[in-house]
Structure formats: C-alpha cells, structure tokens
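There are 4 protein chains.
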Amino acid sequence: MRAAVLNAYTTTEIGGVVVVGEVDSPTIENADDLIVRVVGAGVCRTDLHILEGQNFGERPVPLPHVLGHENAGVIEAVGAGVVNFAVGDLVLCYPFLTTGLDHAERQGFEHHVVDRSTPGINAPGGYAEFLKIRERAAVALPKGCDPIEYAPLADAGLAAFRACRKAAEVLRSSDTAYIVGVGGLGHLGLQILKILSPAKVVAIDVRQAARDLALRLGADAAYASFAEAAHASINPPKAVIDFVGSEETLTSAIDGIQTGGRLELVGVEGRLDIPARLLVERELTVSGSLVGTYAELLELTELVADGRLEVVVTKYSLEQVAMALTDLREGRVLGRAVLVP
Amino acid sequence: MRAAVLNAYTTTEIGGVVVVGEVDSPTIENADDLIVRVVGAGVCRTDLHILEGQNFGERPVPLPHVLGHENAGVIEAVGAGVVNFAVGDLVLCYPFLTTGLDHAERQGFEHHVVDRSTPGINAPGGYAEFLKIRERAAVALPKGCDPIEYAPLADAGLAAFRACRKAAEVLRSSDTAYIVGVGGLGHLGLQILKILSPAKVVAIDVRQAARDLALRLGADAAYASFAEAAHASINPPKAVIDFVGSEETLTSAIDGIQTGGRLELVGVEGRLDIPARLLVERELTVSGSLVGTYAELLELTELVADGRLEVVVTKYSLEQVAMALTDLREGRVLGRAVLVP
Amino acid sequence: MRAAVLNAYTTTEIGGVVVVGEVDSPTIENADDLIVRVVGAGVCRTDLHILEGQNFGERPVPLPHVLGHENAGVIEAVGAGVVNFAVGDLVLCYPFLTTGLDHAERQGFEHHVVDRSTPGINAPGGYAEFLKIRERAAVALPKGCDPIEYAPLADAGLAAFRACRKAAEVLRSSDTAYIVGVGGLGHLGLQILKILSPAKVVAIDVRQAARDLALRLGADAAYASFAEAAHASINPPKAVIDFVGSEETLTSAIDGIQTGGRLELVGVEGRLDIPARLLVERELTVSGSLVGTYAELLELTELVADGRLEVVVTKYSLEQVAMALTDLREGRVLGRAVLVP
Amino acid sequence: MRAAVLNAYTTTEIGGVVVVGEVDSPTIENADDLIVRVVGAGVCRTDLHILEGQNFGERPVPLPHVLGHENAGVIEAVGAGVVNFAVGDLVLCYPFLTTGLDHAERQGFEHHVVDRSTPGINAPGGYAEFLKIRERAAVALPKGCDPIEYAPLADAGLAAFRACRKAAEVLRSSDTAYIVGVGGLGHLGLQILKILSPAKVVAIDVRQAARDLALRLGADAAYASFAEAAHASINPPKAVIDFVGSEETLTSAIDGIQTGGRLELVGVEGRLDIPARLLVERELTVSGSLVGTYAELLELTELVADGRLEVVVTKYSLEQVAMALTDLREGRVLGRAVLVP
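Residue numbers (the numbering used here), protein chains in the order written: chain A, -1 to 339; chain B, -1 to 339; chain C, -1 to 339; chain D, -1 to 339.
Calculated from the structure, these hints are not laboratory results.
Even glycine gets a Cβ: it sits at the ideal position worked out from N, Cα and C.
Treat the hints loosely; a few may be bogus.
[To be verified] Distance condition first, Cα-Cα at most 30 Å in a straight line; then the derived BS3-like pairs of lysine-lysine: (1) Lys141/D <-> Lys313/D; (2) Lys141/C <-> Lys313/C; (3) Lys164/C <-> Lys164/A; (4) Lys141/A <-> Lys313/A; (5) Lys164/D <-> Lys164/A; (6) Lys141/B <-> Lys313/B; (7) Lys164/C <-> Lys164/D.
[What the hints assert, rightly or not] Have a look at the derived ranges for each label pair, beta carbon to beta carbon: (8) Arg327/B <-> His229/D: 54 to 60 Å; (9) Asp304/D <-> Asp210/B: 21 to 27 Å; (10) Ile26/C <-> Gly19/B: 34 to 40 Å; (11) His229/D <-> Ala303/C: 49 to 55 Å; (12) Asp271/C <-> Asp210/A: 55 to 61 Å; (13) Met321/D <-> Thr25/A: 54 to 60 Å; (14) Val72/A <-> Glu328/C: 56 to 62 Å; (15) Asp210/A <-> Ala29/C: 40 to 46 Å; (16) Asp304/D <-> Arg214/B: 19 to 25 Å; (17) Ala78/C <-> Val17/B: 39 to 45 Å; (18) Glu328/C <-> Ala84/A: 56 to 62 Å; (19) Asp144/A <-> Ala303/C: 37 to 43 Å; (20) Ser223/D <-> Thr9/C: 34 to 40 Å; (21) Ser231/A <-> Arg306/C: 19 to 25 Å.
Model the full structure from these sequences, guided by the hints.
What follows is the structure, given as structure tokens:
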C-alpha cells in the first residue's frame, strides 16, 4: 500500500524526510483486529514533535515510521472474534489500543494505561491507505457520513472535549471562560464549552483569521490577548483552557483568572513558572488534560452526528503530507489539517 | 489591657520589635459585635511574614499592630443584636469578619470575600487580653472545654482541613497520600486525612521529632523525603498535601505523584517551576488551598469535641511572645505554638 | 395600601374569599429592612394549596392573610443598616428571610433554614402595593428592566433551576431528558435544562398549547405522554424532571427512565408508590427539589438579563386576583400568571 | 464434579429440592476462560429468591441449576489468551461476565450491562467444586490468603461498598448515618462506612446478636429501631443505608432522615409508598444501589487485604447447603454464610 514514511528526524525541511512510497499492508493477526481503509488522517502538533525526535510520553519507535494517530475510515477486514463491526462499516479510531484488562482502564481511564499501542506514535499510523486497530478502539460512525469530518475528533476534539468537561465543573451562568488558541483543538473547544457549560466563552488568538473563525463558530467575543480583553472590560475568566501552553499564555492565565478559578492545560509549549503563593492566595487550580477516554469520544461523536459541532477541515492529499506538516508548523492551517489518503 | 504590640518590621531580632504593653481594650460598637477574652492565640508562619513586612493577600495595616489571627476564648460582652451567644460562652474565632452579603459568601466562600476584616492581619488580633469579632465569626465550643486546644483550628486546622477535603476527592482505599511537613498544620492534616479518606497516609518531614509525632498520631509511615519513601518501596502518592511549598518539596511532589493525581498546596515558601507537559502527560492537578469556610470550621471543631483529632500545643505566656515567634522561625515548635494571654 | 386579602379557606369559589381592600402598609422596623413597591407578584400552585387550608412545610399563619411569595419591584424605603441598595433600585425578592446565622445557610442552604419568614406564606406577601423584606433577600435587577418579567424567577424559576442543575449532573450529550408539565415552572425548566446540560430535552404535557409553547421555546420534541414519546421512538430518558408529581406521571417516569437515571421531583400532587426493587434493579435515583438558594437565584437572574431565558407571563391586575387563581387551578394559564398591583 | 443442584422451586422445604450430586465439570472453551476450584461460595438472599422462582432482573435459567454467585478460589485452568493469571493463583470472582465492549461498561458501569452472564444466576454457579469465569471477572487475591474470607465481598461486600460510597458523598464529620440490618451485607457496610466517611455510624437491627456484632465491629451505637435510637437522643440520620428494604424500614427512614439527606436502598423486601411531598419538603434523595463495579471490588478487596475490614463468616460444607439456605431464611446466620465445597 502507499504510505507517508518518516525516514529521519528534522527541525528544518520536512519534505526530505517524509516520503510517500510503498510499504507492506497490515494484516489480521489477532481475533479482535480490524483493518481500516483510511479516509481521513488528522495532522497534529504531536506529529511535529515526533518529526523533531521527541516522543511525547511514549516509548520511542525506530525509524522508518508511519505517522498519523487521528484516523477515520471504512472497515476493510475483521478478525474472527470481532462482534460489533463488519466490513464496510464507517469507524472513527480511538487512539489507544489496549487489552481492556489494565487497572487504569477498569477505573475508566484507558488513556492512563502505560502499556498500550498507539498507531502513529509507537505503531504504524494512518498516513497510509490502511491501518490496523483493535475492536475496542473502534467508534461506529453514522451510515452515509463523511469520515473526514470526524477524523479530527480522535485526538484534537477529544483533548478539547475532556478539558472543557473538566473546566465546566466550575462554570456557572454568570461566569466567563477564555479559550486560548483557536487552532485545530481550540476551534472545537470553544463550541464544546458552549454546549457543556452555561458560561460566556471568549476566544484569545493573535491571528485575525482565527478570531474571525471563533466568532463565526459562536464565541461571545474574540481578542488578541488577555490584555485586550481586559481593556474591552470583558469579565476576567473563571476558567481558562490553554491550547498553547507557552510561558506567555500561562502567565496571562494565572494573573487574569478569578479567585477559585481553574486553568485547564492542553498545550505544552512552555513552562509554568510562578510563586506558589499565587495559587494559594486565590485558590487557583491548574490541571493537565491528556486526550480523553473512549466514553468521552462517544459523546463527542454524537455532537457532530447531531449537527451541533462543526469541524473545520483543510484537506491535503497523501502526496501533500510535507506541505500539510509545514503549514501546521507555520500556523497557516485554518481548523484542522486532514490527509485524505 | 495588656497586648503584644508589633512596632517595626524585622528579619532578625524579634524581641526588640514585639513588645508587651498596655493598649486600649476593644469596645462594643455594632449590634453584632462580640468581645472575647482571649484564652489561646495560635502563633502562625503568617505572623512571621507580617513581621518581615509582607502582607499575605491583605491590605497592609499601619504599625503599631497587634498580631494573632487564630483565637479562642470566653465571651466578655455582646452587642445588642447578638442572638446566639451570651457572656461566658466559649468560642472559637473564624478568622474573617464579613457582612454575610458578599456574592462570594452567598455562594459558600466567605474566605474569598475581598472586603473583609481579619483580626491580627488588618485589625487588632488576639495577642492580647481581649479581642473584638462579629457574631458571624463565632463558633460555639463545648461547655467545659479548654479553648487553648481549639485555638489552632481557626487557621492551621482549617487550612489543613480544606486541603485534605479537596485531596480526599481523588483518594480511594488502594491509594497512598503524602503529607509534607508535620508542623502546626501538618500534624493536624495527617489525622484529618485519615478521617476524611480511606487512603494510607505517609508523613514526610526532615525532622526526626516531627516524624515521631506523625507516627504517634496515626501516620502509616514517616520518611525524611520522597526519595527515602521510594527507597522503602512505599507506593507513590495519588495525592500530596504540601504544607511547606518550597521548590524542593514541590518538585518532589510533581515528580513523584501518580498519573491522575493531585497536589494540594498550602505552604507558600517557594516557586512552582515545571514544564507544562509534566502536568499534561500525567494529567496532574495542582490546587491552592486558602484557610477555609465557616462550615468547614464547624465540622473540624466537631472532630476535636468528639476526641477524634488531637491538637498538639506548645504553650507560651503573652510575655514569651518573642520566644514563641523565634522558636517557630527556627523550627523548634512541636505541634502548634499557642500564646495564653 | 391596597392588597388582596385571603379571608377564609375554600376549595370551590375563590372570588368570595380573596378580596381586594385597604390594609396597613409595612414600615421599616429593623436596620436591614427593605420596603419594596411590588411591580409583579407571581401566582403559584402553592397559593392554591394555602387557599385550601394546606401549609406546605411551614407553620400556619392566621387569617386574614396576604398571599404572594414570588415578587419583584422597586425599593421604596431602606433601613439604616442597608449597605447595597438604595431607594429606586429594582429588585427581585428571594422568598426566604433569614438571619444569615443558621447552620444550614452557613453551609449554603438558605432554603433549609427552619426558622425563617416567608412573605406570602407565613408573613404578608406581594399581592399588595408594598412588601417588606430584608437586605439578604434582595437580588439586584438590571437598571431599566421590567420587574414583571423577573418575578416568576423567585419561586417557579428557582425551583426549576435547582431541579435542572441536579438533573444535569447525570446528563451527557448522548442523553435525553424529559420535562413533565410545561406550565409556570416547566416552560422555564426546559429552557434552563438546554442551557445547563448538553442533553436533548423532550417536553411532556397533555395540553396542545403547552406543547406548542415548549417547541417554540426550544424543546427538541413534545408529546402528550411517555407512551406517545416511546411510540415515536424517542430515546427513553436518562433524567426526568417532574413538575406535576401525580401518581401517573411518577409511575411513567419510574417505568421509563434508563438504568442509572434520575427522577427529579418538583411537583407534589400525588404519591410515589413503587416496589423497592424497581429502584435497585436499575439503580435509579429519586430526589426532591425545593425552591433553591440565593446563589442559584443570582445565576438564574443573569440568564434573563442576558436574553437567554424567556419568561412567558400572563398579566392580571390586582383586582383580577380571583380570576388569576381560578385560571391557574383550571389549567388555563400560559406560562406564569403575574399580578401587577 | 460434585455440585449442589436446584431441581425445583420451593417456598417451604429446601432440603428436597437442592441436592448434592455429580454434574459435568466446566471446561475451557474460549481464549479468556478461567476454571476456578471453588474454595468459598457465599450464600445470599438472592439465592432464596431464585429458590422461590423469582429471577431478580435476569433472564430465567432452566432447571436443574447450580446456585452460587459469590465465589472465590484457586485457578485450576486457563484459556490460551489469558495474560494476567496462572494456574494456582488465588482469585475472587466478580459476579458479571462481560465482553468489555458494551457502552455501559465503557462508561464504567459493568454492572449495567444487560447482555451478561452471571454464574449462579443465569449460568452454573459456585455451589460446586469448579466454576468457569472469564479473565475480565477475576480479581487477584494476596498470596497465602484464605479465599473463604474474601468470597462474601463479591456480592454482599460489593453491594455494601457501593451503597456506602454513594451515601458518603453527603456525610460530614458532624453527621450521623444509620445502617439498617446487620446481616451479611450490613456487618460489612457499617465497617466500610466508617472507613469511607467521617460520620458517626449507628446500627439498627431487631436481633440482639446482630447489634452485639455491630458494636464489636465498630458501630458507634446500635438500636432495635429508629424509635429506640430517637428515644436515646441519637441525632437523626443524614444518610440511611437500608439493607432490608421493608415497608417498615423504608417508612422509618423517610420519616427520620434529615433535610437534604439520602436514603440508599440495597434491600428490596417491600414497597416504597410515600407522598411525593415528603421528598420535596425536605429535599430527600432515595437511590437504589445494585452490586457494584469491578473497580469498586478492587478497592474493597484491598481493605480486607490490609486488615481494615473484618468479614464474619459462618462456614458450611457443600453437603450442608440446605441447612445454610434454611438458616439464612430463618435469620440465624451471623455475618455471611459461606459454602466450602
């Protein structure tokens, strides 16, 4: 099959190291295996980290490697023990392949299982014609839908959903929440937070196009910075969901957030460096959010199926993989970039 | 009346600037005023911060000033509108004097009211024969009890209680929690956490005497550091309550805590300085805890009244105030230092 | 002043026992008293219960009595100790007058205080030109608003808000909730539940006009009964909020609700009579909801001020009081009946 | 193998219909099957219901049938796909056999899966030498422990644990909780509630021996009825856990419970028949509790392993099965009856 193969790490030119060519197709080996013909594979900032040789919380995988951990498609083949899916079914791929037996997942935290396989991270991913997953990781999509629209939910949407769900716990109808960064995750996050909480939602992004997108998707207001929002007499936030996570955004959030408020961290660009007393004096909570659970992905998928959540996608062919990754790195993608193999 | 008066800020000799002498006694001015004859006034690290010229989250108060925000005693006089207390009643003094009308306190957060009076911080405190509070701040103590034993609850105990209550939300019977710092707050915190959660409780303190105290008060184990606990094959903590808050203790906590775990911050000695990704990769939560609510103080008081919580007190006379403050600064106090005016 | 006075109990003709006439105006007695010129006074099913001689959870009040526990208006006079309100301010009246000192309200439950005064129930109410409340019970309304639109929030809206907030705890985006009874409470409840939860909301009411109203206000569907909803292949509810509380609606709810679901009870017409095993086999929860807290009323008021919640009002003059009560009893009121004294 | 076989339904003599004889031993059929040599099989009130022809929430199973849904033992054989267990391991058997794929269990509710196999209910149970379960249902027990002591956890303990965990959500240190019925479930429940909540725990049982047991196991007090407790000036309960569920115990609970309190139902003997207004006037919550989750069973097992929970067992040989069932029906068992095949 054709796939985009990463042959070397790079911090500069992407085109030379990610090359589309022929590789072996995956085959059914275990009773619960599923082979998925990939229809859409989201392009994620984590892919850029891997390109640079980082290995975000996972064991490294030897090169050559096929990226792509945010996949949706059509079932091509099923193992002998698969009970809920058949060839031709449309599926969204939960990113983590687990046994269902780990203590963490018995407690409802599949995403905390340490000994897991994650296609695109430590196993062959979805920048390819075909992808192998397990039945436990498959989410059924509505008949007749376009899987491309759902692909970004598997990681970007799910991370945004979980962070919003946690932030919503402190949000009341009289509160305001800030979404920092209206990119692949943030443009979903601001819509999700409007659905999950009664708070007003303000988008913060330095890019005018991103702010325009935020307003079109339902944000109550959009500003280039916390300072601009304050200058416009917007209420300080009771919760901030930071999809950037730079020193600058984190410091703005800690300084601006109301007493008793919550900072939900998804982006991981920088450091959190603050006097301990800042958290104590105003009883602030800072919490990291990592992808999410299978159950959360089910709920999220329902929102798109019901037409309540709009996924903004910029499509690239498999051959355009280097362009897609470069556009993401340069901040030129509107919504989420999705490869269409 | 006699009182210990702070006449100047100092970072060295305390004896010269805190002087016992005569000051005007407080008098009933408002209908809900209460005059309390102070029986016990706890000596707190916040007092040391004020001594050094800091003003922890409060508006500064001009010198001369009477310290003491952790008070218990006997009611000496009551305003015309007081309904639930009479002269001779024993009371514990909730530290914040508020109107009951602020939005924050209508939502159950008296300790978030900005415009408040706090005896010992921005009003005359309890290092004196008499103290003025308001009826809303009075907690009834059992007849015949010794108020000295209850005084440390008003701040040290309450801060520990609230932090433990929040930490208990994530603790299951199979979990371990670490209490960092077994001083005035921590010796109460480890007992409270045993009552509020089913988790095993491990005490961390560099001082042998503090560890001995922790074990006597019911800690399941006690070690000098996270490293020693790890070396003894103690389970890593699901929650850490840090009563020190130094760079060293905070870094140990973030490194050691389990995925999905919670760091509850009470001590504020240093900075929290970590890569954002540490919080995200293991979905950690860091939360500040500031004193607590009146309702929490009621619950806490019940624990002492029922004999379930032991308050370890080192008594000093009013004349020994400089010694008490110095002993605290030097780490020589076992349990909580309490002035007995 | 003019007021509608209840002179005798009745289960038949209302006109003869509720008579508009002259009574003494209330006067400032305590420092925190407020006199409100009533602009709108909601007409509630509880008023019908009082008319019939019942005394819903309160100590009886001797006749003659002035009804009206759901009031909004303009401040006419203030006590000497009032700090946050001035003559001319628009206010909504939280129904319970308390001291702020009771243990229940220190824990955030003003509506659980036993020893309280409730205008219209055990003190003179708002079916009159003027009403006396206390500063603690006043909620500031936006300048220039119409208090008539806010009056129904004080009881009908607040009871609906609290019930919805509790039900929302179990509701996910893939769930459906049923609102039973689209009257004074239910027409607010269905809108509130859409704001507080991501669930689909189905209205159940035997009256066609009520179902039409529900659909206009945003209900996802409306049916005459659980059976009709089931016949239309609507998902069974994860939560039911029952504003009727008859044997029939309660039995339908218990039979129809999903495993792990929740029945929130507001209406109290009948009995709950079920085998214990029905609750156990499907792990159902049945919970009563009684009015709500002052903080909840603040949040709710914000929703109307922001234009997110539409209060449907049928206005009556003070002289039409008997007609208003009769229309309510006969099920002829659309939305909430409000007297305009 | 030898097993106790139920050959006919009865409401009178048990000896004639439950007969010990030879039946086929279970064999490994699926990759995740486990064969357990039964060391202890708890005798449960549900067994009595089945004996009488009832089928508590499950599809009926044709006779002859082998009872026993509360089992612990030693692994005798493992399927080819089993990863975490080996022959000779000690295990406790979670009662429900599921695929791990159902939506309910992906959301953390294995006990809500409808299409499940439950040995002793709709599949051959543990009143036998050998039992077949699946790997997902196995809980590892500590090496060298006595499985007999753990067997009652699988159902009695788990149901008590879940009910206590839910009740603990409303319990503060100043509250009192009542445990109604100190039998197989209640004697565990009172200990568990002391561990999970800071409340005082009062046991209610008409039997003197049961009350004595309650006091020995740590109950703060024990009475024959709510009326006796009230007569002794015991605080009314904030939460009641009813392990009986008769009209009498349910009515006592609803009448006695405090405003804002919670009734947790486990026993299902009778009807709940109350005016709806009783739940609303005092904002009471009534909630059913059904067995529990695998994760809860893990936590519970830890309590016994740590020596914090005492399981009181009355042992019977397999041949004494009719005596065990009869003793249970007649209320003569102290703690839990366990068959030792």
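The hints, checked one at a time:
1. Lys141/D <-> Lys313/D: This hinted pair holds, its Cα atoms lying about 22 Å apart.
2. Lys141/C <-> Lys313/C: Holds, at about 22 Å.
3. Lys164/C <-> Lys164/A: 17 Å, holds
4. Lys141/A <-> Lys313/A: The hint holds at about 22 Å.
5. Lys164/D <-> Lys164/A: Holds: Lys164/D and Lys164/A sit about 21 Å apart, inside 30 Å.
6. Lys141/B <-> Lys313/B: Holds. Lys141/B to Lys313/B sits at ~22 Å (cutoff 30 Å).
7. Lys164/C <-> Lys164/D: Distance of about 15 Å is within 30 Å: holds.
8. Arg327/B <-> His229/D: 54 to 60 Å: 55 Å, holds
9. Asp304/D <-> Asp210/B: 21 to 27 Å: 23 Å, holds
10. Ile26/C <-> Gly19/B: 34 to 40 Å: For Gly19/B against Ile26/C, whose Cβ atoms are near 45 Å apart, the range 34 to 40 Å is violated.
11. His229/D <-> Ala303/C: 49 to 55 Å: 52 Å, holds
12. Asp271/C <-> Asp210/A: 55 to 61 Å: 58 Å, holds
13. Met321/D <-> Thr25/A: 54 to 60 Å: 59 Å, holds
14. Val72/A <-> Glu328/C: 56 to 62 Å: Once the Cβ atoms are compared, 59 Å apart, the range 56 to 62 Å for Glu328/C and Val72/A holds.
15. Asp210/A <-> Ala29/C: 40 to 46 Å: This hint is violated: roughly 54 Å between Cβ atoms.
16. Asp304/D <-> Arg214/B: 19 to 25 Å: 20 Å, holds
17. Ala78/C <-> Val17/B: 39 to 45 Å: 41 Å, holds
18. Glu328/C <-> Ala84/A: 56 to 62 Å: 57 Å, holds
19. Asp144/A <-> Ala303/C: 37 to 43 Å: 41 Å, holds
20. Ser223/D <-> Thr9/C: 34 to 40 Å: 38 Å, holds
21. Ser231/A <-> Arg306/C: 19 to 25 Å: 20 Å, holds
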